[in-house]
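Numbering (the working numbering), first residue to last: 1 to 70.
Hints are not guaranteed to be accurate.
As the list claims (entries may be wrong) - Cross-link-like lysine to aspartate or glutamate pairs, in silico, EDC-like; alpha carbons within 20 Å at most:
no. : residue 1 : residue 2
1   : Lys66     : Glu2
2   : Lys66     : Glu43
3   : Lys66     : Glu8
4   : Lys66     : Glu38
5   : Lys9      : Glu38
As the list claims (entries may be wrong) - Derived Cβ-Cβ restraints for the label pairs, each shown as a range:
no. : residue 1 : residue 2 : range
6   : Ala16     : Thr51     : 14 to 24 Å
7   : Gln70     : Tyr24     : 30 to 40 Å
8   : Thr4      : Val47     : 11 to 21 Å
9   : Lys9      : Glu52     : 27 to 37 Å
To be clear, the hints were calculated from the coordinates, so they are not data collected in a lab. From the three backbone atoms N, C-alpha and C, an ideal C-beta is built for every residue, glycine too.
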Amino acid sequence: MEATVIIEKGRITAAAISRCLTRYSCSWIAHLQPQVVERQSPEVDNVSGATESANAFYYAVVEALKAARQ
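Start from the sequences, fold in the hints, and give me the full structure.
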């Protein structure tokens, strides 16, 4: 999974799933994208039945944020 995060003036203004290669459809976790903006953090809710996908999204956001800091 890959995520795209847009940062403007030091704040996360958007987060999106840019590449989804998980076993299940990413529609199960699509509602997590705005949580990144609301919380200003990759810490999003768990999703029953889509734990692996939710975890993959979390780590993809973490990596996108690391890349943005460089």
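Quick check: does the Cβ-Cβ distance between Lys9 and Glu52 fall within 27 to 37 Å? 34 Å, holds
CA of Lys66 to CA of Glu2, is that 20 Å or under? This hinted pair holds, its Cα atoms lying about 13 Å apart.
Given a hinted range of 30 to 40 Å, is it respected by the beta-carbon distance of Gln70 and Tyr24? 31 Å, holds
Note whether the CB distance of Ala16 and Thr51 lies within 14 to 24 Å or breaks it. 21 Å, holds
Need the status of pair Lys9, Glu38: alpha-carbon distance at most 20 Å? With Cα atoms ~15 Å apart, Lys9 and Glu38 stay inside 20 Å; holds.
Evaluate the given range 11 to 21 Å for the C-beta pair formed by Thr4 and Val47. 20 Å, holds
For the pair we were handed, Lys66 and Glu38, check the Cα-Cα distance against 20 Å. Distance of about 19 Å is within 20 Å: holds.
Under the criterion that the straight-line Cα-Cα distance not exceed 20 Å, is the pair Lys66, Glu43 satisfied? Since the Cα atoms of Lys66 and Glu43 sit roughly 15 Å apart, the hinted pair holds (cutoff 20 Å).
Would the hint linking Lys66 and Glu8 be met if the CA-CA limit is 20 Å? 15 Å, holds
In summary, this structure violates none of the numbered hints.
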